[in-house]
Amino acid sequence: MFFKLLRVFFKENFGVRRLFGSKVANSKGRIILFVLLFVYSFLSIGFSSGMMFYTMGLKRELLLYIASYSTGMGFLFALMQANGFLFQFKDYEIIGPLPIKPLTLLLAKLSTMMVFIYIVTFVLTLPLFIVYYIFVPFNLLGFILLLIGYLFFPLPAIILGSFLSLLIARISKNFKRSNLIQTILMFALFLTIFVISMIGGINAEQGSFIPVWVIDAISSV
Amino acid sequence: MLEIKNVSKTYDKKKLAINEISMSLEPGDLYGFVGPNGAGKTTLIKAIAGIINYDSGTITLDGYSISKNPIEFKKLLAYIPDHPDLYESLSGRQFIDFVADAFAISLERRNELIAKYAGKFEMLEALDKPISTYSHGMKQKTALIAALVHEPKLILLDEPFVGLDPKAAFALKQTFKEITNNGAIILFSSHVLEVVEKLCNKIAIIKQGEIIADGKTGIVLKDRSLENFFMEIA
Chain A
21 MFFKLLRVFF KENFGVRRLF GSKVANSKGR IILFVLLFVY SFLSIGFSSG MMFYTMGLKR
81 ELLLYIASYS TGMGFLFALM QANGFLFQFK DYEIIGPLPI KPLTLLLAKL STMMVFIYIV
141 TFVLTLPLFI VYYIFVPFNL LGFILLLIGY LFFPLPAIIL GSFLSLLIAR ISKNFKRSNL
201 IQTILMFALF LTIFVISMIG GINAEQGSFI PVWVIDAISS V
Chain B
2 MLEIKNVSKT YDKKKLAINE ISMSLEPGDL YGFVGPNGAG KTTLIKAIAG IINYDSGTIT
62 LDGYSISKNP IEFKKLLAYI PDHPDLYESL SGRQFIDFVA DAFAISLERR NELIAKYAGK
122 FEMLEALDKP ISTYSHGMKQ KTALIAALVH EPKLILLDEP FVGLDPKAAF ALKQTFKEIT
182 NNGAIILFSS HVLEVVEKLC NKIAIIKQGE IIADGKTGIV LKDRSLENFF MEIA
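Read top to bottom, the protein sequences are chains A and B. When you read off a place in the first sequence, starting at 1, and then add 20, the result is the number in the working numbering. When you read off a place in the second sequence, starting at 1, and then add 1, the result is the number in the working numbering.
Think of the hints as simulated: they come from the structure by calculation, not from any bench. Please note that a few of the clues may not be correct.
Claimed, not checked - PhoX-like, lysine-lysine: derived pairs with alpha carbons at most 20 Å apart: (1) A/Lys31 <-> B/Lys130; (2) B/Lys178 <-> B/Lys208; (3) B/Lys117 <-> B/Lys130; (4) A/Lys31 <-> B/Lys140; (5) B/Lys76 <-> A/Lys24; (6) A/Lys193 <-> B/Lys154; (7) B/Lys223 <-> A/Lys110; (8) A/Lys110 <-> A/Lys193; (9) B/Lys16 <-> A/Lys193; (10) B/Lys178 <-> B/Lys154; (11) B/Lys208 <-> B/Lys16; (12) B/Lys174 <-> B/Lys208; (13) B/Lys178 <-> B/Lys199; (14) B/Lys69 <-> A/Lys48; (15) B/Lys69 <-> B/Lys117; (16) B/Lys117 <-> B/Lys178; (17) B/Lys217 <-> B/Lys199; (18) B/Lys174 <-> B/Lys154; (19) B/Lys140 <-> B/Lys174; (20) B/Lys140 <-> B/Lys130; (21) B/Lys208 <-> B/Lys15; (22) B/Lys168 <-> B/Lys154; (23) B/Lys130 <-> B/Lys69; (24) A/Lys196 <-> B/Lys14; (25) B/Lys178 <-> B/Lys217; (26) A/Lys121 <-> B/Lys69; (27) A/Lys193 <-> B/Lys121; (28) B/Lys117 <-> B/Lys140; (29) B/Lys16 <-> A/Lys196; (30) B/Lys199 <-> B/Lys223; (31) B/Lys174 <-> B/Lys117; (32) A/Lys24 <-> A/Lys121; (33) B/Lys76 <-> A/Lys121; (34) B/Lys174 <-> B/Lys223; (35) B/Lys174 <-> B/Lys121; (36) A/Lys48 <-> A/Lys31; (37) B/Lys140 <-> B/Lys168; (38) B/Lys15 <-> A/Lys196; (39) A/Lys110 <-> A/Lys121.
Could you put the whole structure together from the sequences, leaning on the hints where they help?
Pasting the structure below:
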């Protein structure tokens with residue numbers, strides 16, 4: 021049942037209709053234009069950031085940037101999505117009465133969320149990876165290490181983001197205008213993280229989520 | 002047999018939604034559940050369906066407890082909410098197949114039942130279209146077909162007649178009778194008192210979380226209409 025759930029959740033969350041609405045057939049031109057614009061914006065931003073490291077010869081720092089970027093993105097997406105994906109999913113009235121083990125359901129929901137987060141972070145960091153491999157000659161061992169690091173670096177941040185997402189939802193649930201309180205709490209959290217990172221309390225080197233020794237190992241291969 | 006014994010549920014430790022409710026539903030019962038808005042109808046139905054936890058009491062179906070043997074209990078159950086929030090990216094048929102897969106219904110049997118009920122509810126053509134293009138009534142019918150395709154022993158429905166056109170409402174009433182004649186139990190909430198009065202062999206009236214009248218329709222109502230009785234006590 022796990023794979024059947026996964027197939028339905030994937031279709032529901034990543035299907036063309038889901039992303040672009042039910043009138044997808046009537047607005048193909050607009051959708052293609054939107055996708056091209058989206059891809060162009062991210063590619064150009066990513067490439068220009070990557071090229072900045074490239075021209076300065078900062079190979080290790082580029083890796084560190086990719087790691088902190090994907091970790092940060094993982095955290096943000098978990099914070100915004102985890103409560104809806106894992107704890108208070110709106111389709112519970114449909115799947116709740118079905119004879120499916122709660123663990124199977126949770127694993128399917130978790131897998132969908134993780135795939136969503138990885139796809140988004142992969143799309144956002146792809147230009148940086150391309151620049152990195154223009155920069156550094158391709159090496160299979162280095163690539164495998166990079167892939168493993170890419171999969172595991174964001175995990176602690178995603179877990180933390182998920183718990184904070186649940187916490188914010190629980191706190192805001194006690195108020196009459198729970199949606200408004202949830203938005204305010206999210207905004208306050210973003211602001212706090214932003215301020216702390218600005219004043220230098222958190223940077224890529226000191227950030228406890230990124231094991232710098234792995235970055236050193238990858239960049240030294 | 003569905004047995005509900007002393008079931009209570011409180012929301013946020015403050016609002017008592019249902020209080021010490023006890024009911025007994027036998028095979029073949031078509032049970033109408035009526036009460037004012039906020040009386041606790043949906044809470045009880047959701048507690049039976051295993052969607053929400055209850056604080057105390059027991060709910061058993063053919064000896065299986067929803068809290069202790071939820072999977073076995075749910076194998077015998079179908080629940081249709083008042084606004085079925087179906088997966089809009091799927092077609093009606095894909096959704097029904099998904100539900101049938103959860104109950105491990107053979108392809109042959111499910112196709113037979115889909116053809117039967119989709120024909121009854123005039124959904125044969127629409128089933129292959131995406132749910133996102135459906136009206137509320139069509140979603141309701143799709144949820145109904147998905148519920149009926151695994152031949153449950155207990156069907157719970159929250160306001161099943163809302164959004165259905167007269168033809169579909171008629172087909173639903175016929176289906177209710179057919180299913181209960183085959184020994185299933187149906188419990189549904191409704192504000193359409195005439196339908197409940199004419200259709201159900203048993204009724205329960207809930208007010209402020211407590212059952213204030215319950216039993217065979219004729220005995221509960223005596224010579225009054227359900228509407229008059231409801232106005233007297235609600």
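**Prompt:** For which of the previously enumerated hints does the structure constitute a violation, in increasing order of number?
**Reply:** 2, 6, 7, 12, 14, 15, 22, 23, 27 and 34
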